[in-house]
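Number of protein chains: 2
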Amino acid sequence: MAPTRSDADRWILYTAPGSCGLAAHIALHEAHADFSVVLLDLAAGQQKGADYLAINPKGRVPALATPQGVLTETPAILAFVARTFARAALAPRDDAFAWARLLEFNSYLASTVHVAHAHKRRGARWADDPAAIEAMRRKVPQTMGDCATRLEAGLSGPWVLGEHYSVADPYLFTLVGWLEGDGVALEPFARLRAHFARVAARPATRRALAESGA
Amino acid sequence: MAPTRSDADRWILYTAPGSCGLAAHIALHEAHADFSVVLLDLAAGQQKGADYLAINPKGRVPALATPQGVLTETPAILAFVARTFARAALAPRDDAFAWARLLEFNSYLASTVHVAHAHKRRGARWADDPAAIEAMRRKVPQTMGDCATRLEAGLSGPWVLGEHYSVADPYLFTLVGWLEGDGVALEPFARLRAHFARVAARPATRRALAESGA
Numbered sequence: 078m079a080p081t082r083s084d085a086d087r088w089i090l091y092t093a094p095g096s097c098g099l100a101a102h103i104a105l106h107e108a109h110a111d112f113s114v115v116l117l118d119l120a121a122g123q124q125k126g127a128d129y130l131a132i133n134p135k136g137r138v139p140a141l142a143t144p145q146g147v148l149t150e151t152p153a154i155l156a157f158v159a160r161t162f163a164r165a166a167l168a169p170r171d172d173a174f175a176w177a178r179l180l181e182f183n184s185y186l187a188s189t190v191h192v193a194h195a196h197k198r199r200g201a202r203w204a205d206d207p208a209a210i211e212a213m214r215r216k217v218p219q220t221m222g223d224c225a226t227r228l229e230a231g232l233s234g235p236w237v238l239g240e241h242y243s244v245a246d247p248y249l250f251t252l253v254g255w256l257e258g259d260g261v262a263l264e265p266f267a268r269l270r271a272h273f274a275r276v277a278a279r280p281a282t283r284r285a286l287a288e289s290g291a
Numbered sequence: 078m079a080p081t082r083s084d085a086d087r088w089i090l091y092t093a094p095g096s097c098g099l100a101a102h103i104a105l106h107e108a109h110a111d112f113s114v115v116l117l118d119l120a121a122g123q124q125k126g127a128d129y130l131a132i133n134p135k136g137r138v139p140a141l142a143t144p145q146g147v148l149t150e151t152p153a154i155l156a157f158v159a160r161t162f163a164r165a166a167l168a169p170r171d172d173a174f175a176w177a178r179l180l181e182f183n184s185y186l187a188s189t190v191h192v193a194h195a196h197k198r199r200g201a202r203w204a205d206d207p208a209a210i211e212a213m214r215r216k217v218p219q220t221m222g223d224c225a226t227r228l229e230a231g232l233s234g235p236w237v238l239g240e241h242y243s244v245a246d247p248y249l250f251t252l253v254g255w256l257e258g259d260g261v262a263l264e265p266f267a268r269l270r271a272h273f274a275r276v277a278a279r280p281a282t283r284r285a286l287a288e289s290g291a
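So the sequence lines, in the order shown, correspond to chains X and H. Heads up: the first sequence begins at 78 in this note's numbering, then just goes up one per residue. Heads up: the second sequence begins at 78 in this note's numbering, then just goes up one per residue.
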């Protein structure tokens, strides 16, 4: 981590390889935003270091530093990117219900899917007993498999919202990328696999992956 | 539960006493929306019944049925209510960053605070072993206490966003209302208590509480 604020007008995305920060990273490239990236080493605990806690007291990634302040929580960062770079058309604009569908989808990813995944390595957040933490880890293939089943059933078009790419797509891509590591075989999920391949092929995705060392 | 769709143009909020659906319920009254309420009996498992699963396959509350479809996830419902009833001024409109702060706050409540709370009674979502579920339950006073500490530190004005009430306020009110039951003494949290009292005194809150049998 080498945080710098030398250019106060330039956004800085704090993220980490393999983290959900990839979604915001991709979205910023889709938006053609001018930003720099700071990669944290989560295994080394940089997210809990004083330097980073001064930026994001929650000690988590991602965080997006802007001249107006630091924004956290992936659904909020994605919505902010979409709204700020409206010309990139990364979210529905005039249809309030379609726009709410985007928030609903991203909220589900954050509150249910990401939380299910976190019980694999972050069980200590919710219990102290090592046996309990191990019991949580064991259930992750099932809970993430259930999430994959729901997500598969909800995908009908090429993109999450149908015909138009939105900031929900890099977020889904990021979490689907965790499934195999979580013990979920991807074979039954043809739509999720096709979606993953579509997002993976986009230049913004390839650039974000290259920059985050993935 | 007695779901009805006799008036296709009227919104229906599906919620349950004591659930996070209270936030949307209050927000709809703040917006002076025309809607009806269907209360589910969670203890009786109505949220997992075929009638309700046809409305919300996730088997959770809240769900907001509208002529355009059923919307779930509290942060999405709250944002949709604020946008649809713009005259009620329940969210920042022109300041994109302030608007993102609202989404960030609600996303934190959904993904961290509500999730911490859910480990008290819903531990079976994340582990099968009864001892593990009990270990999760034991940690809830600590995790919810940590959340309360963070929320207290973040409150500076009378409302979550400062001088103006927004849909973040009934959501915070709802989750702060869970703290004592989660084993967190409210005494150290003067700002949260004052905020809770301010929201509790509003007519929309009193009406929602009366209608949800709380």
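Calculated directly from the structure, the hints in this document are not laboratory data. Where hints are given, some of them may not hold.
Note that the list lumps identical chains together, so a pair holds whenever it fits in one copy or between two copies.
[What the hints assert, rightly or not] With a cut-off of at most 27 angstroms between alpha-carbon atoms, the simulated DSS-like pairs for lysine-lysine come out as follows:
| id | residue 1 | residue 2 |
| --- | --- | --- |
| 1 | Lys197 | Lys135 |
| 2 | Lys125 | Lys135 |
| 3 | Lys216 | Lys197 |
Hints, verified against the model:
1. Lys197 - Lys135: both (20 angstroms within a copy, 22 angstroms between copies)
2. Lys125 - Lys135: Only inside one copy: Lys125 and Lys135 sit 8 angstroms apart there, 35 angstroms across copies, limit 27 angstroms.
3. Lys216 - Lys197: both (8 angstroms within a copy, 17 angstroms between copies)
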